[in-house]
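Enquirer: Below, each chain spelled out in residue letters.
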Amino acid sequence: MTPVSRAPETGTVEITGLAKAFGAGTVIRSLDLKIAAGEFVVFVGPSGCGKSTLLRLIAGLERADSGSIRISGRDVTREHPARRGIAMVFQSYALYPHMTVAENMGFALRMQGMGRAEIELRVARAAETLQLAELLERRPRALSGGQRQRVAIGRAIVREPDVFLFDEPLSNLDAALRGQMRVEIARLHARLASTMIYVTHDQVEAMTLGTRIVVLNGGAIEQVGAPLELYHRPRNAFVAGFIGAPRMNLLAVRAQHAERDRIEVEFAGRHIGIHGMTSGVPRGASLKLGVRPEHLVVGAGATATALCDAQVALVEQLGGEALIHATAAGGASEALVLKAPGDTAVRAGATIAVAVDPLACHLFDGSGRSLRAS
Amino acid sequence: MIYANARSGWLYLAPFLVGLAVFTAFPFVASLLLSFSDYRLQDSLEDARYIGLAHYVAMAGDRTFHKSLGVTFLYVFVTVPLKLATALGIAMLLNFRLRGIGFFRTAFYLPSILGGSVAIAVVWRYAFAGDGLVNQAIGWFGAGPVNWLGEPGYAMASVMLLRLWQFGSAMVIFLAGLKGIPQDLCEAARLDGAGHWQLLRRITLPLLTPVIFFNFVMQVIQAFQEFNGPYIITAGGPLKSTYLLPLMIYEEAFKYFDVGYASALSWLLFLIVGIFSALAFRSSKYWVFYSAERETPR
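Order-wise, the sequence lines are chains A and B. In this text, residue positions in the first sequence follow our numbering: the first is 1, and each later residue adds one. In this text, residue positions in the second sequence follow our numbering: the first is 375, and each later residue adds one.
This is chain A alone, in the form it adopts within the complex (with noise of 0.2 Å):
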């Protein structure tokens, strides 16, 4: 299947102002968000942050109380779903278990009173694009997990969408099928060039698939970037906990100096100087160092500056690497995780000394906003 020319607004998505309230509860808080044409964006977010409410308004199964939402240069805010050139993708994949699989992928054109030679083409070109030519026949209760989800991804291809949405897709399936139907998903997005909307509480799977995360959080967005600007450079401590596993160690530490670009902070009777922040941070002041547990290392690094000493409570042996659970001493007793390589010899009760590079480091004020000088 190749990518079609299409018009230049065609797989855009325009989102302005939109708020989704039920009952006393807000969900959506005005939002505004552009999405360009073929982008692959992720929504991602804890539970109840609105990421999935906002895919359904988009899809129109959930009517917005204010704002708008353009497709395609055409604004579908209060436009029936079928008619928004969308298709959609369950996490349940809602597949109709009395259909086989080919009437399933079929059923969209059907309702389209497209014609059967035509309906069994894109079934077939779809089926084969997804190696389901096989299973045409077949229902979808004699299919495993991975056959169903591209079926549903099939039923989603047929209708040839401006846009694809995808709700928590993988989150039913077992961890080595995830991982297989996350390559799949990528390749058929490169080979598709469709805009793709994809929401997960999975942030492997927002690093991996997307090429903009959003991050949601309260029904709001906290950040909007490439998967790697959301790693470096998170606009607060929400993010920065978010983005990155094992997540970010978010350090309570005090200002000790400020000076320039530089911030002297004092973490378990230590000093680290951090370059790169903005000016104005008070003498004292209560801030949160950021460090990601790979840019922790046991023991003095070449370029790395002692952080403290610490009580290894659990490593955990992942093979290729080590997860080192500890506690900081020095009086900071803070809770801390490194990333050591597989062949570490740390073990649970022994101390190690922490060192960290300080240009890996990232600091927050009192309100979790970063204080890197953008």
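Be aware that a few hints might be false.
[As the list claims (entries may be wrong)] Calculated from the model, a selection of chain A residues having no Cβ within reach of chain B, i.e. all distances over 10 Å:
{"hint": "1", "residue": "A21"}
{"hint": "2", "residue": "A94"}
{"hint": "3", "residue": "F107"}
{"hint": "4", "residue": "A108"}
{"hint": "5", "residue": "E137"}
{"hint": "6", "residue": "H189"}
{"hint": "7", "residue": "E321"}
{"hint": "8", "residue": "E334"}
{"hint": "9", "residue": "D343"}
{"hint": "10", "residue": "R372"}
[To be verified] Simulated restraints on C-beta separations:
{"hint": "11", "chain 1": "B", "residue 1": "Y386", "chain 2": "A", "residue 2": "V204", "range": "49 to 59 Å"}
{"hint": "12", "chain 1": "A", "residue 1": "T211", "chain 2": "B", "residue 2": "Q557", "range": "25 to 35 Å"}
{"hint": "13", "chain 1": "B", "residue 1": "Q557", "chain 2": "A", "residue 2": "E137", "range": "49 to 59 Å"}
{"hint": "14", "chain 1": "B", "residue 1": "Q557", "chain 2": "A", "residue 2": "V204", "range": "54 to 64 Å"}
{"hint": "15", "chain 1": "B", "residue 1": "R473", "chain 2": "A", "residue 2": "D75", "range": "30 to 40 Å"}
{"hint": "16", "chain 1": "A", "residue 1": "G179", "chain 2": "B", "residue 2": "R473", "range": "41 to 51 Å"}
{"hint": "17", "chain 1": "A", "residue 1": "V204", "chain 2": "B", "residue 2": "W571", "range": "37 to 47 Å"}
{"hint": "18", "chain 1": "A", "residue 1": "L121", "chain 2": "B", "residue 2": "H440", "range": "33 to 43 Å"}
{"hint": "19", "chain 1": "A", "residue 1": "E137", "chain 2": "B", "residue 2": "H570", "range": "23 to 33 Å"}
[To be verified] A few chain B positions that, by computed beta-carbon distances, are all more than 12 Å from chain A:
{"hint": "20", "residue": "G426"}
{"hint": "21", "residue": "N602"}
{"hint": "22", "residue": "F655"}
FYI, nobody ran anything at the bench for these hints, they're computed from the structure. For every residue, glycine included, the Cβ atom is placed at its ideal position computed from N, Cα and C.
Given the coordinates of chain A, assemble chain B onto it according to the supplied hints.
Expert: Only chain B this time, still in chain A's reference frame:
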């Protein structure tokens, strides 16, 4: 210890087993044996003679039986589809999420609790009497009184209406079936462009077929066994127009004391219900869809 446990187990089971033996198994076997005898209620059982299939042969020439069988089939063929359609329609209405829907669900279910009772059948008789409530009501619209219980056609309609009025239990089962249809499927169908009618025809009804099948079989069995309504409202009349088979069985046994013939009629009714149930089960593979995982995923 094991022996003691087994004994107390049997003790717990005993009331049920005694009830099953005395009130179900014994009458079941006895009625079969009696259907081959000339036993009459006023005679001693020792006087009963074995007469083979004589009662069954007699049915072939019994005009009352032919009439009764005809009205029974009419009653079943009209009330079962109408009752199922009514129950399904109301269940769909009650499936909407509306304020106070619990009250409406209770209100619609209530007639089923009351409907089968003798008291309601008596009320029905008065409501459809010449100067009853129904004639008064249609009088307000200028229509003349109808001889509901005196005209054969109207009498049957009145008795059928009582059965339709008891749609609640089938409705509750339909409602549970409708609640069991995943919301995702309806949303997927909406996204696929299915309107209300297409959604009903292509998604809801196919997924509801196991429940429709269950309700159909239950309603057929119950309709063939209907007794209270025609007995109290019309006593089988006029001109035997509501003389359903259970009513004939009752009268043969307890009015004409011909227990042998009544037993034979009972077994014929049992056979008819059995054939209908078997046909329903045989046909189910063509129209009933079970979504449960029965095939092994490959």
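Enquirer: Compare the structure with each hint and give your call.
Expert: Hint by hint, here is what the structure shows:
| no. | hint | result |
| --- | --- | --- |
| 1 | A21 | holds, 17 Å |
| 2 | A94 | violated, 4 Å |
| 3 | F107 | violated, 5 Å |
| 4 | A108 | violated, 4 Å |
| 5 | E137 | holds, 13 Å |
| 6 | H189 | holds, 20 Å |
| 7 | E321 | holds, 35 Å |
| 8 | E334 | holds, 44 Å |
| 9 | D343 | holds, 40 Å |
| 10 | R372 | holds, 42 Å |
| 11 | B:Y386 with A:V204: 49 to 59 Å | holds, 56 Å |
| 12 | A:T211 with B:Q557: 25 to 35 Å | holds, 31 Å |
| 13 | B:Q557 with A:E137: 49 to 59 Å | violated, 28 Å |
| 14 | B:Q557 with A:V204: 54 to 64 Å | violated, 29 Å |
| 15 | B:R473 with A:D75: 30 to 40 Å | holds, 32 Å |
| 16 | A:G179 with B:R473: 41 to 51 Å | holds, 47 Å |
| 17 | A:V204 with B:W571: 37 to 47 Å | holds, 44 Å |
| 18 | A:L121 with B:H440: 33 to 43 Å | violated, 60 Å |
| 19 | A:E137 with B:H570: 23 to 33 Å | holds, 30 Å |
| 20 | G426 | holds, 50 Å |
| 21 | N602 | holds, 39 Å |
| 22 | F655 | holds, 19 Å |
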